[in-house]
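One line per chain: the protein sequences are A and B, in this order.
Counting along the first sequence from 1, when you hit position 371 you're at 371 in the working numbering, and nothing is skipped either side.
Counting along the second sequence from 1, when you hit position 16 you're at 1016 in the working numbering, and nothing is skipped either side.
Errors might be hidden in some of the hints.
Only some residues are given here: those of chain B computed to face chain A with a beta carbon under 8 Å [unchecked claim]:
1) Cys1047
2) Ala1069
3) Cys1070
4) Val1100
Here are some of the chain B residues that sit facing chain A, going by a computed Cβ distance under 10 Å [what the hints assert, rightly or not]:
5) Trp1013
6) Phe1035
7) Ile1078
8) Lys1097
9) Val1110
10) Ile1136
Quick caveat, the hints were computed from the structure, so don't treat them as lab data.
Virtual Cβ for every residue (Gly too), placed ideally from N, Cα, C.
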Amino acid sequence: MKNEVAIIGVGMHPWGKWGKHFTEYGLAAARMALRDANVSWEDIRFVSGGATVRCGYPGYVAGATFAQALGWQGAEVNTSYAACASGSQALAAARDKIISGACEVALVIGADTTPKGFLAPSGGYRPDDPDWVRFYLGITNPTYFALYARRRMDLYGDTLDDFAAIKVKNAKAGSKNPFSRYKKCFSAEEVAGSAVVADPLRLMDICATSDGAAALIVSSVEYAKRIGKSSAPRVIAISTTTPVFASGIVEMPDIATDSAAAEGVEHRSFRENLPRKAYEEAGIGPEDIDLAEVYDLSTALELDWIEDLGLASRGEAASLLRKGETSIGGKIPINASGGLASFGEAVPAQALAQVCELTTQLRGQAGERQIENAKIGITANQGLFGHGSAVIVAV
Amino acid sequence: MLRKAQTPAIDGWYKIGKKPQLIGSQCKKCQTYFFPKNDRECRNPRCSSTEFSETSLSREGRIWSYTNACYQPPAPYIVDNSFIPFAIAAVELEVEKLIVLGQVATGTDVDSLAIGMQVELVIEPLHETEDEVKMIWKWRPKDL
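Build out the structure end to end from the sequences listed, making use of the hints.
The structure is reproduced here in structure tokens:
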């Protein structure tokens, strides 16, 4: 298993709207992960940070910022920007460093303080930036989630009750997670009663933006053995593939899809292609997966991901949900952490938070949200500009 | 009172007037369409042509999906007076084999839309400046 690295430590700062500097959250998560791994900060030879670009300080949410906060000790540093997949790319950089033999143990970290209100682009007249154009036209993030949700209702007969059931399920799981932002167990009636934001999605179908931080200590399998952690969960695959031409689903922040008019070209789905490389790399298939953490930017999107990951046939995810199979205790629990529904999104930390949850579950340390006998888990997320990732963790 | 001049909200993306059209480009080698216009290099990975012709896209298409904006979007979205919710459609153009987003024509709400519905391109105001009305493309159901 030459491409595997061990996850020997995990740490998180609770998600919320704390209004503090992101470095403070990152420090807390890093210190927790170091304690969990029982590794000293000075032994870390590589710091890999997830980045985000906004708030007037592009380039500042970076690996080096956390390395300085922990105290400069001469480790090598990396910063990865990949929108919602930033954390996975930072993890991939650390994994490659370890596999190449250039380093034995690394800190992977992401932290964010989100601005109040909508996430929006910088101003001016900038028609070359698709993100600017779509906001100028009044097309926000929920617009895209709603377009996908409406298609599910039309093509597969999914209902508003199904979407509400996802919020109820994830809120229940999240209420048992010490790191989640929202602890309330919402009822289907409360979801149904929340205001429509982008038809058919209501306020409680859509995830919030949050402050938060997540950190991993990853090492070579040899190193893990040496420090008595030979049974630590391992990262067995990472996919950070781009879409494949012609991308046929209108994706944030684009105003149009690729054209499939050329001979021999067909429309392809980015989300469906993403996990394929991960499954191939791990040498496993969807049937081997025990749990998944997927990017539920909206309730309905969780159903899309279940099918994109091959955990249900196209159009069948809602039927799994209705039977309770995607809840903790079901056949294939989805978002046992509570998902974005319970966390809200902290972009550079979120993909790492997903890996933290898999690690905690596979170690059997998830307390009241524990999934029994979980051996293999997968994460999936997607963000702006053709970024996305899937990570497979196994024990 | 003088009427304000109508000008495109985004330069070079569409023609306004009686027969409005979205302006795209088409690769001369592999026939791939682009909207907005691409004149750098063909983005079909099996083609690397740099020869494009400017082309007007189909004025009609079918709704791929639809939604609305119930709350005022953040800047750079501009509201003249008070915010009025509007519908949004993703429309599939058959010839070009691509989907284009746009607002739905004023006065049509989500309840009168359906996936597969035939729509046509119209030009309507997006917002006003001191001396101009900024115009944008919108989709209008054909049978309403």
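To see whether the hints hold, each was checked on the structure:
The beta carbon of cysteine 1047 of chain B comes within 7 Å of a beta carbon in chain A, closer than 8 Å, and the hint placing it at the interface holds. Annotation: interface hint on alanine 1069 of chain B holds; nearest CB of chain A at approximately 5 Å, less than 8 Å. The beta carbon of cysteine 1070 of chain B is positioned within 8 Å of a beta carbon in chain A (closest approach about 5 Å), and the interface hint is therefore held. Given hint, valine 1100 of chain B at the interface with chain A, holds; its Cβ is 5 Å from that chain's nearest Cβ, closer than 8 Å.
Using the Cβ-Cβ criterion of 10 Å, the hint placing tryptophan 1013 of chain B at the interface with chain A is satisfied: the shortest such distance is roughly 7 Å. For phenylalanine 1035 of chain B, the interface hint holds, the least distance from its beta-carbon to any beta-carbon of chain A being 5 Å, beneath 10 Å. A hinted interface residue such as isoleucine 1078 of chain B counts as satisfied when its beta carbon comes closer than 10 Å to some beta carbon of chain A; here the least separation is about 8 Å, so the hint holds. The beta carbon of lysine 1097 of chain B is positioned within 10 Å of a beta carbon in chain A (closest approach about 4 Å), and the interface hint is therefore held.
Here the hint on valine 1110 of chain B is kept, as its CB sits about 5 Å from the closest CB of chain A, short of 10 Å. For isoleucine 1136 of chain B, the interface hint holds, since its Cβ comes within 10 Å of a Cβ in chain A; the closest pair sits about 7 Å apart.
Violation of the numbered hints given earlier is absent; every hint is satisfied by the structure.
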